[in-house]
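J.: Chain by chain, the residues:
Number of protein chains: 4
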Amino acid sequence: MNNNFEKLIEYFLKFPGIGPRQAKRFALFLAGEDKKFVADLGQLISKIKESVRQCPSCYRFYGSVSGGSSQCGICSNLNRDNSILLVVEKDADLQNIEKSEVYNGRYFVLGGTIPLANGSAKGGTGGLRFRELFEKVKVLLQSSTREAKHLEVILALSATIEGENTSRYAEKILEPLLSKGGQEIKITRLGRGLSTGTELEYSDSATIANSLRSRC
Amino acid sequence: MNNNFEKLIEYFLKFPGIGPRQAKRFALFLAGEDKKFVADLGQLISKIKESVRQCPSCYRFYGSVSGGSSQCGICSNLNRDNSILLVVEKDADLQNIEKSEVYNGRYFVLGGTIPLANGSAKGGTGGLRFRELFEKVKVLLQSSTREAKHLEVILALSATIEGENTSRYAEKILEPLLSKGGQEIKITRLGRGLSTGTELEYSDSATIANSLRSRC
Amino acid sequence: MNNNFEKLIEYFLKFPGIGPRQAKRFALFLAGEDKKFVADLGQLISKIKESVRQCPSCYRFYGSVSGGSSQCGICSNLNRDNSILLVVEKDADLQNIEKSEVYNGRYFVLGGTIPLANGSAKGGTGGLRFRELFEKVKVLLQSSTREAKHLEVILALSATIEGENTSRYAEKILEPLLSKGGQEIKITRLGRGLSTGTELEYSDSATIANSLRSRC
Amino acid sequence: MNNNFEKLIEYFLKFPGIGPRQAKRFALFLAGEDKKFVADLGQLISKIKESVRQCPSCYRFYGSVSGGSSQCGICSNLNRDNSILLVVEKDADLQNIEKSEVYNGRYFVLGGTIPLANGSAKGGTGGLRFRELFEKVKVLLQSSTREAKHLEVILALSATIEGENTSRYAEKILEPLLSKGGQEIKITRLGRGLSTGTELEYSDSATIANSLRSRC
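Chains as they are written, first to last, in my numbering: chain A, 623 to 838; chain B, 623 to 838; chain C, 623 to 838; chain D, 623 to 838.
If you're looking for bench data, these hints aren't it; they were derived computationally from the structure. Here the structure is a predicted model, which is why all the values come from computation and not from measurement. A couple of the hints might just be wrong.
As the list claims (entries may be wrong) - A partial selection of chain D residues facing chain B, derived with a Cβ cut-off under 10 Å: (1) N625; (2) V674; (3) E823.
Yeah, the Cβ is synthetic: ideal placement off N, Cα and C, and Gly gets one too.
The shape of chain A in the complex, shown without the other chains (with noise of 0.2 Å):
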């Protein structure tokens, strides 16, 4: 095949979740398919920023409406609890827990968690907003001494050791923010336990102590 058609599948192998037989699979399905398809999504992913926007508040994506707010409908929505930030990895963890409906307050997409190197978390932060979560919650802390007196930020990433070591990681860069004069800021994570279905047999120590110690 010629250089043309090999890009493409090289395109597609960065697809998440995507190796190198469907990649190839994708390009020979677009070439089968007629010539207004393949135009058709050629313009469509050509125009993705035009047509998804990044909230500048929360960092998620969503679909940009002309005129509306630059912000996206969660942060500009005043009903929203603005005393709760709950601070995720990626859209999905968002989208998955707006599903769930128990959850009221802002939200702030981190980008990810920072990979183990060689077992331990060095090699940089690869390229996630632990500056933008700083100022985020530094405009919340300011908005909040006009509403309330406090700010809570639950730190919910997977409950991984790259989730943990990420959490930890965000708790220092926001601790210079803890010491505010006059204003309560607690950092918290998602609670440890049994998710639904976990049977005790098959559970990890972890699992076990955390459900213990966070029995009631």
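Dock chains B, C and D against the given chain A, drawing on the hints supplied.
T.: Chains B, C and D only, in chain A's frame:
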């Protein structure tokens, strides 16, 4: 095949997790082993009741040591905390919790969970040891008057519908004991939340709600 | 999300093997990539018809090299055997067979198998290239008069009900060509039997029967 | 746990496909069953040698019926074809082939395949019945002089490296019999090709080559 061979297959079919194909493989496997192997195995199985004793206090199975205490090693261990009782479904749960080395109280093996009949729990409590649980808690309460002022019963059942339903039933059974004057008795359940490895993107609503509620 | 974002997700949903969750992940992934990435990818997709050519002889896709032959590399290769034609379902089959390096004849890509409607094959031949197959075989017969005295058409379709049904249909389509005087044309199918790794204990009756019949 | 309980677990560990966790579950399961159950099971296992007989002709296991033939039902069936002998690895293969109802000849259970030691077959033939196979074929040859002029031995072993290696070894063992004057003896193997459900896209090169070779 004749009756005795088929009968043996039927016995193996009652083993936990064994289907028809594997039951047959077991029988054929034994047919191919030498005489001493099957004689010894048959003997060990016939005498299992003598080599394993069920603790009259927590109802778990343990190897009997002639002349020893009639209680199991955990129940007869004076260093374990009499003020906490962990109620588990089965021996394997108890063993996994002991392996995690995070619990130093007492145990009670309930014998399973109440099976759901047509989606709701009818049809009896399936031979579970609720009466024995009631007695055990009563005994601990009496002994704890001498030792401590409180008793906690942790219902450590599976995080499933059956498990929760069984927990509710156990709470009802133990209710009369809650009103005993002069002592504090508390019934708790294991904490629900993210178990190790959980990713937010794939969590169910109940787990998200639980992990938010038990954030810390 | 707005229309264009949702539209893009719908396009990804048509990709082979992609469900709603992954379609959304693809769209969110692209939203997060930089402008150059999405512009280049959109371009490559829009132009796929120009970078990939469908061979007018075997109907497989291949990278077009400007100024080259209008036939693909296999069809224009004079060293390949004109007396055998292997009919496959799709490009991926052809590529896998080429990789095995055991076949040196010609190919024809049928485009799939006839879908089963309500358990039996009604509802048309789903855009498959039966007419083109007929023409291709006719051309090979004419050329083979000059070269050889025989032509073999191997129906190399999947060993499934759909595949066998499609093979039967292809045989019927090619039947008129079988009576052409002066030449020998033979229609065969791939041999059925044990494929690599098969164990007798788990084989279906058809595979056992086939492997006994084709024993050698 | 004491010695007898641990010993029982060790016995279960030798069962085909059973690991430590399941072996323990079996032992705990038996500990919880009533006295009659374990007594009966122990009895059935101890006496398995008496309730199952190994056919002295084909070496498969079958239920013994007192006063019956010393050969199994297949070997003593006069309507089965004496001119074909199917050599299988184990009883389960034989049963699956009988279920398919496509074979009416004789059987011989070899007892397994030669294990590969360090990638190549060293280390002996692992207790397989090669000597008995030699004798069996010799007997069939003698009887076939009276009945028929030919004998076919089909090596129906798994389509794996171990299976093929074992087939080669069996051929070598039987070689001296091939030169017996006056009779035709043929050694074959099951046909290789596409087994039911196979798709060309995912087939290995050997299967593609075999299915091309055995096309029909």
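J.: Compare the structure with each hint and give your call.
T.: Now for the hints, and whether the structure bears them out:
1. N625: At about 7 Å, which falls below the 10 Å cut-off, the nearest Cβ of chain B leaves the hint on N625(D) intact, so it holds.
2. V674: Since the shortest Cβ distance to chain B is 4 Å, the answer is holds.
3. E823: At 30 Å from the nearest chain B Cβ, E823(D) fails the 10 Å test, so the hint is violated.
Checked against the numbered hints given earlier, this structure breaks only hint 3.
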